[in-house]
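S.K.: Numbering (UniProt numbering), first residue to last: 1 to 142.
Derived from the structure by calculation, the hints contain no laboratory data. Just so it is clear, the structure is predicted and the values come from calculations on it, not from any experiment. Where is the CB? At the ideal position from N, CA and C, for every residue including glycine. Do not rely on the hints blindly, as some may be mistaken.
[What the hints assert, rightly or not] Simulated crosslink set (SDA-like; lysine to any residue; CA at most 20 Å straight-line):
no.: 1; residue 1: K120; residue 2: A131
no.: 2; residue 1: K38; residue 2: R105
no.: 3; residue 1: K38; residue 2: K13
no.: 4; residue 1: K38; residue 2: A67
no.: 5; residue 1: K13; residue 2: F30
no.: 6; residue 1: K38; residue 2: A81
no.: 7; residue 1: K108; residue 2: A128
no.: 8; residue 1: K38; residue 2: V77
no.: 9; residue 1: K13; residue 2: D26
[Said to hold, decoys possible] Ranges between beta-carbon positions, derived for each pair:
no.: 10; residue 1: L134; residue 2: E23; range: 30 to 40 Å
no.: 11; residue 1: E126; residue 2: M87; range: 20 to 30 Å
no.: 12; residue 1: R16; residue 2: D129; range: 38 to 48 Å
no.: 13; residue 1: Y130; residue 2: V60; range: 20 to 30 Å
no.: 14; residue 1: K108; residue 2: R135; range: 16 to 26 Å
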Amino acid sequence: MPRMACVFCEIIKGERPAFFVMEAEDAVAFLDTRPLFKGHTLLVPREHYETLTDVPAELVGPFFAHAQRLAGAMEEVLGAAGSFVAMNNRISQSVPHLHVHVVPRNRKDGLRGFFWPRGKYESDEEAADYAARLRDGIQPHA
């Protein structure tokens with residue numbers, strides 16, 4: 001079954017316009033068309049992967065090295081005090097192609113953060129159970 005059209009794949013192929021910030025063999029970065037702040041950049045792998053868990057392990061480090069360089073550029077080039085680096089996996093992921101938001105930040109810039117509902121574990125035993133299940137689900141490094 002063919003994959004639905006992907007906006008980011010179209011940008012990568014040059015079929016849709018974008019303001020590119022970085023073009024590497026394995027990834028590209030371009031300005032978000034609806035930025036939180038000017039300079040808000042989206043970093044995407046050239047290969048279509050929907051989520052972080054779909055990316056082969058050997059590509060994760062090099063991909064995030066690009067994010068690291070972009071975050072540095074926010075400060076060096078744009079004079080930002082820092083940056084916000086984030087990604088969604090499926091939930092709140094507007095385009096089903098892995099992408100990292102790298103956003104320049106400054107104190108009192110108006111971004112208030114996230115208003116996530118907070119919860120608690122019913123007991124230390126429940127917390128330990130969740131930790132153990134997650135620990136068992138993490139694949140060992142090769």
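S.K.: Next, verify each hint and record whether it holds.
M.R.: Each hint, compared with the structure:
| no. | hint | in the structure |
| --- | --- | --- |
| 1 | K120 / A131 | 14 Å, holds |
| 2 | K38 / R105 | 10 Å, holds |
| 3 | K38 / K13 | 24 Å, violated |
| 4 | K38 / A67 | 17 Å, holds |
| 5 | K13 / F30 | 13 Å, holds |
| 6 | K38 / A81 | 14 Å, holds |
| 7 | K108 / A128 | 38 Å, violated |
| 8 | K38 / V77 | 12 Å, holds |
| 9 | K13 / D26 | 13 Å, holds |
| 10 | L134 / E23: 30 to 40 Å | 36 Å, holds |
| 11 | E126 / M87: 20 to 30 Å | 28 Å, holds |
| 12 | R16 / D129: 38 to 48 Å | 46 Å, holds |
| 13 | Y130 / V60: 20 to 30 Å | 24 Å, holds |
| 14 | K108 / R135: 16 to 26 Å | 40 Å, violated |
Violated hints for the displayed structure, listed by number in ascending order: 3, 7, 14.
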